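In this text, residue positions in the sequence shown follow this note's numbering: the first is 1, and each later residue adds one.
A portion of the hints provided could be inaccurate.
Said to hold, decoys possible - Listed next, the in silico DMTMM-like pairs over lysine to aspartate or glutamate satisfying Cα-Cα at most 25 Å (straight line):
1. LYS327 x ASP264
2. LYS290 x ASP234
3. LYS327 x GLU312
4. LYS331 x GLU434
5. LYS458 x GLU520
6. LYS458 x GLU434
7. LYS313 x GLU450
8. LYS437 x ASP465
9. LYS453 x ASP469
10. LYS405 x ASP469
11. LYS321 x GLU442
12. LYS319 x GLU442
13. LYS313 x GLU467
14. LYS453 x GLU312
15. LYS327 x GLU237
16. LYS313 x GLU285
17. LYS458 x ASP471
18. LYS405 x GLU355
19. LYS313 x ASP404
20. LYS319 x GLU337
21. LYS321 x GLU450
22. LYS437 x GLU312
23. LYS331 x GLU450
24. LYS319 x GLU355
25. LYS313 x GLU375
26. LYS321 x GLU346
27. LYS331 x ASP389
28. LYS248 x GLU222
29. LYS511 x ASP469
30. LYS511 x GLU450
31. LYS511 x GLU337
32. LYS327 x GLU247
33. LYS511 x GLU467
34. LYS298 x GLU237
35. LYS453 x GLU467
36. LYS321 x GLU337
37. LYS405 x ASP471
38. LYS453 x GLU355
39. LYS458 x GLU355
Don't read these hints as lab results, they were simulated from the structure.
Treat the numbers as computed from the prediction; the structure is a model and nothing was measured.
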Amino acid sequence: PGADGALILTPLELLDRLAALVPPPRIHRHRYFGVLAPSSPLRPAVTALASTAITPPPAPTPQPTAEPAYRRAARYAWALLLARIYAVFCLVLIVASIPVPFEFRIDILRVWQFSAILPLIYFIIFQIGNAFGRELKSIRVTHDGVLEPGLMRAVGHVLRKTVPGNLLIGAFVAAFCAVFDILSSLFFNFDFVLTNYGFFFFVIGVTRVLSNRFRGLYTRIEGLSYDLDRKSRDLSETRVQFGISREKYRLLVEGSRDMIFSLDENLRFMTANRALHDNLGINREEIGRKTLRDLLYKEADQRSVAFQFVQEKLDRFLKDKEPMHIKLDFKNSFAIEPVSMQVRLEYIQIAGRNEIFGRATRVTDDLLNRYLLEERHSYRIGNLLLVADDLSYRITRNLMRYTDKSEHSLLRIAVREIIINAIEHGNLAITFDEKTKEMTSESYFQYIAERQKDPRFKDRTVTIDYELDADRVVYVVSDQGSGFNYSQFLTGGTEANDLLLAHGRGIALAKGIFDDIIYENGGSRVSLIKRFNGRTDTHKV
């Protein structure tokens, strides 16, 4: 027993005791082919263990391994060969007895009588005897290797209750009659033939065999019927539980405001809940023909670092198969502005097939920003593009009180591009021509990783100072680079984007949305100023 008095059992001991609690069946059943029924007189009584410490159970007796298939096939092949040889031998005796005198036929009959003893012995020992031995072993040997009940009791049970036992009795009777008649004809010359009476016992034995066979079959059918009833009840309970689970799924998944979906390994949608339509305006009938990439918001210039960065992250997720958190902008069928969502993607395996489980949570406005009067923050980051993207969300999220959604989105993108420019062209000293070359060869992010490890640049940082009040917002971005010739972009109008392809878009966006752009320290420091012209949120304190 344990410290609290509980009885400690091994798994096999527990199963042995649980078997005694099975309710009796509708008919009396005994062990057939290794199954011991609850009503069997051979079932050992279950007694309570003493409260003293129990000793570890003895090691299980090694069970004899099953006979290999090739040995069994070889044994049957030899039996078939011997049967054919004996059949040919009997045929030769029959043919030889036709043309010879009567006295010689008597001698041939004597030869056959002596030779008949050999197949009888083979039939009794190797055919019926093997089956009898297996049946006896299944009765006596329990699951833990202990022999029970007594040998004579088990032999009597097998002889009376099993088909191999009935066949063994019949074989002994037939063999005794045959041997008696042979010896009588050779030596004793008794005046009666015992084989005639043996045939009568043979008929009775066959009847007994059929009776046991049908009784065993009926017992099995009764047991199968009991199991079928139990499994039918289990199936009914499973259906009820399935209905409950389906209702829970409907409430938890279909009722969720988050987009819950599954994708194949090509990022094609397989399933999606109703929130996908509520957030993005996409019908369920159309979703099966789209991939996750199809739903991403595409800016005017798809060669931008932010857009390429998202594609790189998705490709890396498909390769590494590691769970990923990423902030994505989705197309919005209800408006021009994208829908920003925090997305988690994770590989799962269903029925041996890889699928991708996804959950997208809408990036909502901070409910406390309506009470905001002013705030100031300073950040220092390394040369990490992902951090630049996340930081742009953080330092622009409170602008919703003073701007509309479209203007807020442009402000966020412009701030993000300015921070990325500070990392790329400032700290990492990547020229516009180098960036164009690497992005054309689709190895830009590998090139970025190499520059980030370069001892000349790896310790450089970008500082972002942020100040917000009811009148304006100011962003000051400083890098540790050598600066650049910014005057041509500030005086060149919107043509700066065409001049610098995708790389001057940050300055162009900033010029279009901010009121003032001030470069200092040779271009390594820039101040972005946006005035709100007295606009405030309706939820003013």
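Cross-check of the supplied hints:
no. : hint            : verdict
1   : LYS327 x ASP264 : holds, 20 Å
2   : LYS290 x ASP234 : violated, 41 Å
3   : LYS327 x GLU312 : holds, 13 Å
4   : LYS331 x GLU434 : violated, 32 Å
5   : LYS458 x GLU520 : holds, 23 Å
6   : LYS458 x GLU434 : holds, 19 Å
7   : LYS313 x GLU450 : holds, 17 Å
8   : LYS437 x ASP465 : violated, 32 Å
9   : LYS453 x ASP469 : violated, 39 Å
10  : LYS405 x ASP469 : holds, 19 Å
11  : LYS321 x GLU442 : holds, 22 Å
12  : LYS319 x GLU442 : holds, 17 Å
13  : LYS313 x GLU467 : violated, 31 Å
14  : LYS453 x GLU312 : holds, 19 Å
15  : LYS327 x GLU237 : violated, 43 Å
16  : LYS313 x GLU285 : violated, 28 Å
17  : LYS458 x ASP471 : violated, 38 Å
18  : LYS405 x GLU355 : violated, 35 Å
19  : LYS313 x ASP404 : violated, 30 Å
20  : LYS319 x GLU337 : violated, 31 Å
21  : LYS321 x GLU450 : holds, 24 Å
22  : LYS437 x GLU312 : holds, 17 Å
23  : LYS331 x GLU450 : violated, 33 Å
24  : LYS319 x GLU355 : holds, 14 Å
25  : LYS313 x GLU375 : violated, 33 Å
26  : LYS321 x GLU346 : holds, 7 Å
27  : LYS331 x ASP389 : holds, 18 Å
28  : LYS248 x GLU222 : violated, 39 Å
29  : LYS511 x ASP469 : holds, 21 Å
30  : LYS511 x GLU450 : violated, 32 Å
31  : LYS511 x GLU337 : holds, 20 Å
32  : LYS327 x GLU247 : violated, 31 Å
33  : LYS511 x GLU467 : holds, 19 Å
34  : LYS298 x GLU237 : violated, 50 Å
35  : LYS453 x GLU467 : violated, 32 Å
36  : LYS321 x GLU337 : violated, 31 Å
37  : LYS405 x ASP471 : holds, 18 Å
38  : LYS453 x GLU355 : violated, 35 Å
39  : LYS458 x GLU355 : violated, 38 Å
The structure shown violates the earlier hints numbered 2, 4, 8, 9, 13, 15, 16, 17, 18, 19, 20, 23, 25, 28, 30, 32, 34, 35, 36, 38 and 39.
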